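Fit chain E to the supplied structure of chain V, relying on the hints for placement.
Protein chains: 2
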Amino acid sequence: MTVESRSDANGPSGVHDPRRLAWAYLSKVVQGPCPALSRLVEEVGPQEAARAVRERDLSEVLGERTVARAHVDTAAEDLELVAGMGGRLVTPDDDEWPQWRLLGFGNLSRSRDEGPPLALWVLGSRPVAELTDRAISIVGTRAASGYGEHVTAEIAGDLAVDGWTIVSGAAFGVDGAAHRAALGVGGLTVAVLACGVDRAYPAGHARLLRQIAQNGAVVSEYAPGTTPAKHRFLARNRLVASLSDGVVVVEAGWRSGARNTVSWARKLGRPVMAVPGPVTSASSTGCNRMIREGEARLVANAGDVVEEAGPIGLRDGPEVVRDLDALSGDALLVYEALPAAGPRGVRELSELSGVAVEHVRAVLPLLEMEGFVGCDDTGWSRQR
Amino acid sequence: MTVESRSDANGPSGVHDPRRLAWAYLSKVVQGPCPALSRLVEEVGPQEAARAVRERDLSEVLGERTVARAHVDTAAEDLELVAGMGGRLVTPDDDEWPQWRLLGFGNLSRSRDEGPPLALWVLGSRPVAELTDRAISIVGTRAASGYGEHVTAEIAGDLAVDGWTIVSGAAFGVDGAAHRAALGVGGLTVAVLACGVDRAYPAGHARLLRQIAQNGAVVSEYAPGTTPAKHRFLARNRLVASLSDGVVVVEAGWRSGARNTVSWARKLGRPVMAVPGPVTSASSTGCNRMIREGEARLVANAGDVVEEAGPIGLRDGPEVVRDLDALSGDALLVYEALPAAGPRGVRELSELSGVAVEHVRAVLPLLEMEGFVGCDDTGWSRQR
Numbered sequence: 001m002t003v004e005s006r007s008d009a010n011g012p013s014g015v016h017d018p019r020r021l022a023w024a025y026l027s028k029v030v031q032g033p034c035p036a037l038s039r040l041v042e043e044v045g046p047q048e049a050a051r052a053v054r055e056r057d058l059s060e061v062l063g064e065r066t067v068a069r070a071h072v073d074t075a076a077e078d079l080e081l082v083a084g085m086g087g088r089l090v091t092p093d094d095d096e097w098p099q100w101r102l103l104g105f106g107n108l109s110r111s112r113d114e115g116p117p118l119a120l121w122v123l124g125s126r127p128v129a130e131l132t133d134r135a136i137s138i139v140g141t142r143a144a145s146g147y148g149e150h151v152t153a154e155i156a157g158d159l160a161v162d163g164w165t166i167v168s169g170a171a172f173g174v175d176g177a178a179h180r181a182a183l184g185v186g187g188l189t190v191a192v193l194a195c196g197v198d199r200a201y202p203a204g205h206a207r208l209l210r211q212i213a214q215n216g217a218v219v220s221e222y223a224p225g226t227t228p229a230k231h232r233f234l235a236r237n238r239l240v241a242s243l244s245d246g247v248v249v250v251e252a253g254w255r256s257g258a259r260n261t262v263s264w265a266r267k268l269g270r271p272v273m274a275v276p277g278p279v280t281s282a283s284s285t286g287c288n289r290m291i292r293e294g295e296a297r298l299v300a301n302a303g304d305v306v307e308e309a310g311p312i313g314l315r316d317g318p319e320v321v322r323d324l325d326a327l328s329g330d331a332l333l334v335y336e337a338l339p340a341a342g343p344r345g346v347r348e349l350s351e352l353s354g355v356a357v358e359h360v361r362a363v364l365p366l367l368e369m370e371g372f373v374g375c376d377d378t379g380w381s382r383q384r
Numbered sequence: 001m002t003v004e005s006r007s008d009a010n011g012p013s014g015v016h017d018p019r020r021l022a023w024a025y026l027s028k029v030v031q032g033p034c035p036a037l038s039r040l041v042e043e044v045g046p047q048e049a050a051r052a053v054r055e056r057d058l059s060e061v062l063g064e065r066t067v068a069r070a071h072v073d074t075a076a077e078d079l080e081l082v083a084g085m086g087g088r089l090v091t092p093d094d095d096e097w098p099q100w101r102l103l104g105f106g107n108l109s110r111s112r113d114e115g116p117p118l119a120l121w122v123l124g125s126r127p128v129a130e131l132t133d134r135a136i137s138i139v140g141t142r143a144a145s146g147y148g149e150h151v152t153a154e155i156a157g158d159l160a161v162d163g164w165t166i167v168s169g170a171a172f173g174v175d176g177a178a179h180r181a182a183l184g185v186g187g188l189t190v191a192v193l194a195c196g197v198d199r200a201y202p203a204g205h206a207r208l209l210r211q212i213a214q215n216g217a218v219v220s221e222y223a224p225g226t227t228p229a230k231h232r233f234l235a236r237n238r239l240v241a242s243l244s245d246g247v248v249v250v251e252a253g254w255r256s257g258a259r260n261t262v263s264w265a266r267k268l269g270r271p272v273m274a275v276p277g278p279v280t281s282a283s284s285t286g287c288n289r290m291i292r293e294g295e296a297r298l299v300a301n302a303g304d305v306v307e308e309a310g311p312i313g314l315r316d317g318p319e320v321v322r323d324l325d326a327l328s329g330d331a332l333l334v335y336e337a338l339p340a341a342g343p344r345g346v347r348e349l350s351e352l353s354g355v356a357v358e359h360v361r362a363v364l365p366l367l368e369m370e371g372f373v374g375c376d377d378t379g380w381s382r383q384r
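So the sequence lines, in the order shown, correspond to chains V and E.
With full-length UniProt numbering applied, the first sequence covers 1 to 384.
With full-length UniProt numbering applied, the second sequence covers 1 to 384.
Hints listed in this document are in silico derivations from the structure and should not be mistaken for laboratory results.
Note that the structure is a prediction, hence the values are computed from the model and not measured.
The hints are all genuine.
Not everything, but these chain V residues come out facing chain E in the computed CB check (under 8 Å): (1) Tyr147; (2) Val151; (3) Pro278; (4) Val279; (5) Asn288; (6) Ile291; (7) Arg292; (8) Leu298; (9) Asn301; (10) Asp304.
Far from chain V by the CB rule (all over 12 Å, computed), these chain E residues: (11) His16; (12) Ala36; (13) Gly63; (14) Glu64; (15) Ala76; (16) Pro127; (17) Asp133; (18) Arg180; (19) Leu208; (20) Ala229; (21) His231; (22) Ala341; (23) Leu352; (24) Ala356.
Ideal Cβ placement from N, Cα and C applies to all residues, glycine included.
With the rest of the complex left out, here is chain V (with noise of 0.2 Å):
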């Protein structure tokens, strides 16, 4: 294996790009997460890793995660349906790739679901980094009350109003609700799909969903054809907690698939936030209990929202303080290897550091993100 220079992402990023159309299909053949994958790409590039999967030179663990659809190249394909749908495929390559959305899954075991999405099929013109930037997550049962559609509009239409990108599933009940609310006042709104973004899933929803692409994005990390399935909304979950600065949960049941997307916003560092019911109500069980329990913090409204979700939302302003005992973990190791002046690029920091390149590559945005350190044409530096 050779290493590619990551400058090829800066060639061409037309659909017959060799370095996308290697991205293409390795997001073809893996079908949703696989941070080993994830690992090799950041090592090799994915041209050469795209060359390890055809040939079958991998380890077994790759090999076999790889192993069923390795011989289906349909990358080329895959980009120009899309592209005729006003889309394109977003990779770390790209400037508007969500590096930071996506920095919690450093700290997640190295299990097959739980790492970032190796790349993401987006409909909708707007930048990815930029739509989730400030994004609040509201989601919830499919089987809605009126209680919960008139709450739902009440705080996404709030949120949206007030510069907040509304993040869902574009499921019935809850998610609609939220996505049509955001829409409805003018907001942006991005809906992540359990199935490739060229399938209108739930049907009833296939208006909804090319709105949401002409004010936001409709986002999924399933390659164009891919059907939705159980495992796969589990891992749409994720990047629907991912993608945001928080996770308010409307109504659920008390076996809610919401409560999946909660868990995953725990892992995350995500605040989790509920909107309490009546006790009377099966659709508010899942709320209460998960704020009796201490999982979710009782939201009754947008500001409600603005004050559990705001550190995040304003770690731009200038509130920010740089606290070096907020560090920890590889941050710490990392910002330590650097020195007093002058800059260093991510292997010699990786080296100094002891921590492993793509951990580097992922706590230096982190860093840059706290005023911890910079960077420019010459590598990363501290900042004082």
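Using the frame of chain V, we list chain E on its own:
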């Protein structure tokens, strides 16, 4: 002043027992909590305290507090009136005095309104200590919604069936629904009034109050004839909180009196619980807010309430663990003043421990309840 023998309490307990007449006189004079008077009575007994009040032989604080009504002595008439209604005056002399329910006051500041009650006027045949041994207070807005009335009835009814006494303030709305639900299932209930027990307040609850007296107790620290007043409602709320194992707020608006009861419960170390409601309902604003702010734990049913209040309810059960490390402050000093074997009297313990007599009296029942000490005719001693 001379120290009266406490054995007076073993004398006649009828209307014309001079010691009881003194308690009744003092209760009428101070109209509500008066820590300074409680301390004086602890020191010199009620008769000597009554003499001192009548003859203005008092400290400045106590002089001011009692001057307005020192000349009013309706003790005999008050005792006769209440006896005629099937009631009585319960004092610290009596076995039914809910001593341990009032211990929490020892931790409060010594301000005018924060003391224990001097004595309690009671209608109803059951001993107060027994009635309040396993008790839950349920309070809330007078303007309860249908939802609030329904949930109150469910929770209070289920708790009462389970053997818990329902304590409340006999007001319209949540209070009334709580009392009624307990009566409806043949359970026990206690109404604490902000006026004399001879007054039916609110008048619309006259029949309800009679039923409560027949199936539990109507209780007040105010002598007969005392009319309800703002400050008496606030003082009454502290008794509602103290006479139970925990306070449940079912519905409360933003500025509900229930929040005052909650504030007392927190000061007195009682668990505070609140039932959530629709965020669109003004009657649930206070409850939702208290849950959000961490002032109250969300409860949805009687099971949740018992889970929260249970550890105190189970205090006599087999699960009580004696842990010396749990003792602190006066309790620890008093315990350590006891010899390994053999009894000591209260004054002796006060001298040995350096803890004031009234505090020694307050902590001993607590220590007994927790199994650290025992008491017989010869005095208090350590338990193995």
